[in-house]
Amino acid sequence: MTILSGSLAREYNRLTPIIFSCLPKLRNKLLKVDIDFKEKDSILKVTEKLLSRHIFTPIVKSSWEEKLEKALETVVDDLISIVEDFEREEMGCVRMLLEFLMESSLYAETVREIGRKIKIPEIGSILELNSGTGRSSLELAKISKRKVIGIEADEKCIEIARDYLKTEKVNNVVFIHGDPLRAGRYISEPIFAIVFISPVTWLYDIETLISKAYTLLEFGGVIYGSYPLRERPDSPNIIEPFLKLFGGVTPPDKNRLKWLFDREGYHKPSIQKAGPLYFFKASKV
Amino acid sequence: MKKIIHVYCPACKSRVPVEVDENILLSAKNSPLGMTGVVDIHRDHALIIYIDAHGHERGSRVYSLITPLETGKTFTIPLKYMTSLNNIKAFKLVLKDRDLVIEGYKEQIHVMIKGVLNKVELEMAFSKLSNNIYEWFNIMLKSIDETKDKIKIETLYKALQFLDYFLNYPPSESYKDFLALILSSMSVTYKVDDRAVKYYALIRNIIEKMYPHSSIDEIIKMQGKPLYEIMRYKDSLSVRELIEYLLALEKREVIKFEEIT
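Protein chains in written order, with the numbering used here: chain S, 8 to 292; chain Z, 660 to 920.
Next comes chain S alone, as it looks inside the complex (with noise of 0.2 angstroms):
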């Protein structure tokens, strides 16, 4: 069963040649400047495999795709005041990368696709691990109106998604800023659908979160999430080396991911390919 039609899947496939463009850029950048960090040497590593590969670039691009250019070698220019920010867990200047994501027409649409097929009980609320800034929550809310609750580890980002749940009014979310691994620690409501697929997600081991989910899932609930996870264990994913910079792990592969479902007892996990990302769901029966 399919996560996101295939057309919004499609859009997806327009993001690969606009991120691979950039490698180049941040392989040279990070063999020029004198910085030395955890994730250097992998990240040089990587960016050598997946330059190897031919990925054809659009000649066209939408106004959005050449603002995502234009952030991806934004990054790449700051890449030493990141790299600091990171180390000292802020999230700096990329909040506002991580909000002009989630404020994408793309992001919206895939959330809103989401959002019409959690059917839950009325009792039931929606739980989002690492809101950000909280565009997913706020969509959830609207398309399902059920209660939805968004946990996010930055603070600042919960500050941002508190204004647009004000601007928005919409009544039928809370943001609770804490660690989304400690989620138990916030909610007393059953949640019969948690949902993992800002951006920030694809920075946490999703090992860990996937496990998680399932401790906080009533029966019958179900869990939607994104990654970028690798195609084998030796394929790199195309998003890792800029991941990798803001502090990523490296990502599973789907094999890995579809025996972690079985391993934490899910029930019919299904993985679905969009560009650079996998969409997944699974249920706790």
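Keep in mind that the hints were calculated from the coordinates and are not lab data.
A hint or two may mislead.
Simulated DEER-style distance windows between Cβ atoms [stated by the list, open to error]:
(1) S:P197 with Z:M881: 49 to 55 angstroms
(2) Z:E867 with S:D269: 24 to 30 angstroms
(3) S:E96 with Z:E917: 23 to 29 angstroms
(4) S:D84 with Z:Y828: 43 to 49 angstroms
(5) S:K280 with Z:P871: 39 to 45 angstroms
(6) S:G227 with Z:D836: 40 to 46 angstroms
(7) S:S195 with Z:E909: 31 to 37 angstroms
(8) Z:P871 with S:Q279: 35 to 41 angstroms
(9) S:V40 with Z:V721: 52 to 58 angstroms
(10) S:E55 with Z:R863: 34 to 40 angstroms
Chain Z side only, calculated, beta carbon under 8 angstroms to chain S, not exhaustive [as the list claims (entries may be wrong)]:
(11) P669
(12) K850
(13) R854
(14) A855
(15) Y858
(16) I862
(17) I865
(18) M869
(19) K910
(20) R911
(21) E912
(22) F916
(23) I919
If you're wondering where the values come from, they're calculated on a predicted model, not measured in any experiment.
A virtual CB, placed ideally from N, CA and C, is assigned to each residue, including glycine.
Knowing the structure of chain S, use the given hints to seat chain Z on it.
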């Protein structure tokens, strides 16, 4: 009985008319020094005319808008400024720490709401009373208490204009921060982070759609100046939008508020 006196403003190099009414005379009579300062706000400065209980001028002084107010004095906001307020009829603020009294009357008032918080005493009279009014009054009192060392006559007047406009709307806690920022706006500035501005370009359209009368270009141009400079000619609605916009920029680390020392 009202009388008009003409006072020379050395900064403007011209004579300005100042209206002396019964409230000013009464204020001078009640003041320990036997006189009150009438504040006339000019473009980038304020002329303070000292009036005694007989309505005679006892000297004047020009204050730059960032000069601290002299302690041990009573200052009166003239009627011409008070008449622009629709809902507030009178106010009297006593800052005991600074030994300062600032007051203004649209008419002779005998009953006012009074609130005391720490060393701040605030009395206000309104055209109409509602449940909202008491909540707004408390918000104002708390904001004054928070910023009592930074309040200037101009910023207090700006805050009163703001309060006067929003009195018709339901109050919320965020207005306390708005009022506090207005009250201290002569002592607060901000610095723009050039690095963050590059990232802001990605979301500029989204943010400036929420705050349609605000733009990062204006914010960059005015950085380093007191906040009051940016908000002084704006109406209350625009001041609220400006503050919300500045707070939105602060949350995104595009600007950082700083105190003017």
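Against the structure, the hints:
1. For the pair P197 (chain S) and M881 (chain Z), the supplied restraint of 49 to 55 angstroms holds, since their beta-carbon distance comes to about 51 angstroms.
2. For E867 (chain Z) paired with D269 (chain S), a C-beta distance near 49 angstroms fails the hint of 24 to 30 angstroms.
3. The supplied range of 23 to 29 angstroms is met by E96 (chain S) and E917 (chain Z), whose beta-carbon atoms lie about 24 angstroms from each other.
4. Between D84 (chain S) and Y828 (chain Z) the C-beta distance comes to about 45 angstroms, which sits within the given range of 43 to 49 angstroms.
5. Between K280 (chain S) and P871 (chain Z) the Cβ separation comes to about 40 angstroms, which falls inside the hinted range of 39 to 45 angstroms.
6. Checked against the hint of 40 to 46 angstroms, the C-beta distance between G227 (chain S) and D836 (chain Z) comes to roughly 44 angstroms, which is consistent with it.
7. The hinted window of 31 to 37 angstroms between S195 (chain S) and E909 (chain Z) holds, with their beta carbons roughly 33 angstroms apart.
8. One distance hint, 35 to 41 angstroms for the beta-carbon pair P871 (chain Z) and Q279 (chain S), holds here, with the actual separation near 39 angstroms.
9. About 55 angstroms separates the C-beta atoms of V40 (chain S) and V721 (chain Z), a value consistent with the hinted range of 52 to 58 angstroms.
10. In this structure the supplied range 34 to 40 angstroms holds for E55 (chain S) paired with R863 (chain Z), their Cβ-Cβ distance being about 36 angstroms.
11. Taking 8 angstroms as the C-beta cut-off, the interface hint given for P669 (chain Z) is violated, the closest approach to chain S being about 47 angstroms.
12. Interface restraint check: K850 (chain Z) against chain S, minimum CB-CB distance 15 angstroms, threshold 8 angstroms, status violated.
13. The criterion of a C-beta within 8 angstroms of any C-beta in chain S is met by R854 (chain Z), whose closest approach is roughly 6 angstroms, and the hint holds.
14. Satisfaction of the interface hint for A855 (chain Z) is found here, the shortest Cβ-Cβ separation to chain S being roughly 5 angstroms, below the 8 angstroms cut-off.
15. With a cut of 8 angstroms, the hint placing Y858 (chain Z) at the interface with chain S holds, because the nearest CB-to-CB distance is about 4 angstroms.
16. Hint on I862 (chain Z) holds. Least Cβ distance to chain S is approximately 5 angstroms, under the 8 angstroms limit.
17. A distance limit of 8 angstroms between C-beta atoms decides the matter here; for I865 (chain Z) the minimum to chain S is near 5 angstroms, and the interface restraint holds.
18. Using the Cβ-Cβ criterion of 8 angstroms, the hint placing M869 (chain Z) at the interface with chain S is satisfied: the shortest such distance is roughly 6 angstroms.
19. Interface restraint check for K910 (chain Z): the shortest CB-CB distance to chain S comes to about 5 angstroms, inside 8 angstroms, so the restraint holds.
20. For the restraint placing R911 (chain Z) at the interface with chain S, the shortest Cβ-Cβ distance is roughly 6 angstroms, inside the 8 angstroms limit, so the hint holds.
21. Interface hint status for E912 (chain Z): upheld, as the beta-carbon distance to the closest one in chain S is roughly 6 angstroms, under 8 angstroms.
22. Hint status for F916 (chain Z): violated, given a least beta-carbon distance of 14 angstroms to chain S, over 8 angstroms.
23. Given the 8 angstroms rule on beta carbons, the hint for I919 (chain Z) is violated: about 25 angstroms separates it from the nearest Cβ of chain S.
Hint check: violations occur at hints 2, 11, 12, 22, 23; the rest are consistent with the structure.
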